[in-house]
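Protein sequence lines, in the order shown, are assigned to chains A and B. End of the first sequence = 334 in the numbering used here, gap-free, step of one. End of the second sequence = 881 in the numbering used here, gap-free, step of one.
Some hints here could point you the wrong way.
Residues from chain B that keep clear of chain A, each with C-beta distances beyond 10 Å, as calculated [unchecked claim]:
| no. | residue |
| --- | --- |
| 1 | L522 |
| 2 | S570 |
| 3 | L597 |
| 4 | H658 |
| 5 | T663 |
| 6 | S858 |
On the chain A side, residues computed to face chain B include the following (Cβ under 10 Å) [claimed, not checked]:
| no. | residue |
| --- | --- |
| 7 | Q194 |
| 8 | H217 |
| 9 | A222 |
| 10 | P283 |
What the hints contain is simulated information worked out from the structure, not anything from laboratory work. The C-beta atom is built at its ideal place from N, Cα and C for all residues, glycine as well.
Here's the letter readout for the chains.
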Amino acid sequence: MTDVLLQVDDLRVSFVVGGRELRAVDGVSFSVDPGRTLAIIGESGSGKTVCCRAIMGLLPLGTAIGGSARLRGAELIGLSDAELRKHRGSDIAMVFQDPARSLNPTMRVGVQITEAIRTHRKVSRHEAQTQAIELLRLVRIPAAERRFHEYPHQLSGGMRQRVVIAIALACRPKLLMADEATTSLDVTTQAQIMELLLELQHELDMALILISHDMGLAASYADEVIVMYAGKIVEQAPALRLFGAGGAVRMRYTRALLDAVPHLERPAHSPLPIVGGRPPDPTALPPGCSFAPRCGSAADDCVAKAPALLEHAPNHRWACWHPCENGGAA
Amino acid sequence: MTAEPTPPDQPAAGEPLLSVRDLVQEFVVRTRGAAGTDRTSAAEGVLFGTSGSKAGVVQAVSGVSFDIMPGETLGIVGETGSGKSTLARAILQAPRPKSGSVMFRGTELTRLRGRKLLQARRHMQFVFQDPFGSLDPKWKVRSIIDEPLVAYHAGDRTARGKRVDELLDLVGLDPARYAKRHPRELSGGQAQRVAIARAVALEPSLIICDEAVSSLDVLVQAQVLSLFEKLRAELSLSYLFIAHDLSLVKQVSDRVAVMYLGKLCEIGPGEDVYRQPLHPYTRALLDSIPSTEPGAARATATIKGEPPSPINPPSGCRFRTRCPRATDLCATEEPKPRELAAAHFVACHYPLSQPAPVATVVTAADATTGATFRSA
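Start from the sequences, fold in the hints, and give me the full structure.
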């Protein structure tokens, strides 16, 4: 128990939209060990981002948050902004999708990094500046001294994301959450940034939560994978088990996600397996399995009662009444 | 030079539908006080507006040639700033390319003006990345799809109304439910279907898709891709399919072209380009894709740094500053496209089908971004 860095139990987040309750995250539990990588996979609206923002305390006022998220035993949910600020940056940091929007366009890059350092630590301006340049070097930005004095618009997308990562790492957090951090980047830049994150993770002994829609990213970089659909975890397993030889994918939605990704191995114009429809309205979730209306294998019991997320095999949980056999590979 | 317009002919059998030769598109970059060294803005080309002094010329597309046969899909892959979107717009004559030729259905588009150009372009339609950005938020779906029909006087009101219903049916949207909606009442996938319905309304022979499915979730993306395939078969369409996602392009394309800094570095049958890439850049792109294959090695950054500024591209081969195989020859002489396998062209002095050059010279002077990464 003492080993766990982040322990999330039965996290529930709901908003009120037009008088109706919207359950964005519904009973999510997981844990992250120090230095490990967890990938949270799902489509837009599956609740993956809301889940992490709830942990960071970044949701708007009036959001109902229930359950618990403990960082090395200390409860994060329900803390005041001032209390949370002690954890943000120094314990947990977050990197967002669009580096252009995470940076202030009117401030030099260096100022933004030193600001982050001086917010959390009592150091002199000069000392902060030295640390900032070191951080720029840490994220492999060439000519760090020169870049320090530049504005975000003078940097390319990849460089900007490196700056954002530098700011996130300013206080050496124990946990870094990357929310689609490489989605807007080119493949070669994405590979560079992911490599950087892994190296830094090693150097700083940091745990990583990758929030993404990209199965390939999860398969390539994560130790543990969580698949979310309509606010719930539908499958959770070590990446090797899920994507490894023999493919042990059980939940039909995970299978559908994997099948829908174009593969280089597929011949041109080969038909892609199609899942019709779209995710359910989060203000009116069906009583049964929320994937049932789109699932090819749905039976009466799927519509009647939602399957629970149970550990059916060691370290492998899934929520499905009629799981795929042998990974269900097409 | 106002040449007399050629009458639009039907392409003869065996003739390419679209034939692009030596297409060049340039933008003048102007300064706003400080020197225009901004890489990303420079790639956008026109961001600096028309004021200020001339800081340089960006050749966003630099001598690109290719053909698309009737019913064929050509995929174009490349990174941000490689000029793939500029190429698509240059083909459409919006804006007009600086030089080069665009033959579409036997008509030279670069010399056409006004009504003649409109008529020729009727058979060439565009689908953009952001469906909400390309659909007027105040219009209803019916009017959006009806607009091209009105513009080209395709039938009276009743006939057009019937046609809109057919088109909605074709893209898998129930006319009764969706025709009266506004774009904001649609999901991303549905909005993209409306954009596609509008694109096929005039029965074009070529559709240019610029990152048309890139903003969609993977399951919806698969739905829209299947729609493209269905339309290809039913309406015998050709596509120019532009995307940064290599797997996606492979899925839909007969032939694939790889673009880097405004130039085509490789073009060939999709299967060959992916199985046996000839250009080191293609190899690097392929190696950067994270794989869902069991036990596959994780993707590693195979090329370092970022593309150099298109204002002042490297001499010789434009990829040489990041290329592991570059030698002095690459800096002095620009490689010409060569056909090394059937219909498989590559512009490289040292294609991957040959052993690496013996004396590999790392052009350290150019590697302002690359050198530092190697220390890691």
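Going through the hints against the structure:
At the 10 Å boundary, the C-beta of L522(B) stays outside the reach of chain A, the nearest C-beta of that chain being 18 Å off. The claim that S570(B) lies off the interface holds: its Cβ sits roughly 22 Å from the closest Cβ of chain A, which is beyond the 10 Å cut-off. Every beta carbon of chain A lies more than 10 Å from that of L597(B), the smallest distance being close to 24 Å; the non-interface claim holds. Remark: the non-interface label on H658(B) is consistent with the geometry, its nearest Cβ contact in chain A lying 35 Å away (cut-off 10 Å).
Chain A leaves T663(B) outside its interface by the beta-carbon criterion, the shortest separation being 32 Å against a cut-off of 10 Å. Under the 10 Å C-beta cut-off, the non-interface status given to S858(B) relative to chain A holds; the minimum distance is some 19 Å. Interface hint at Q194(A): satisfied, since its Cβ lies 7 Å from the closest Cβ of chain B, which is below the 10 Å cut-off. For the restraint placing H217(A) at the interface with chain B, the shortest Cβ-Cβ distance is roughly 6 Å, inside the 10 Å limit, so the hint holds.
Annotation: A222(A) was flagged as interfacial toward chain B, and the flag holds, the nearest CB pair being 8 Å apart, inside 10 Å. The beta carbon of P283(A) is positioned within 10 Å of a beta carbon in chain B (closest approach about 9 Å), and the interface hint is therefore held.
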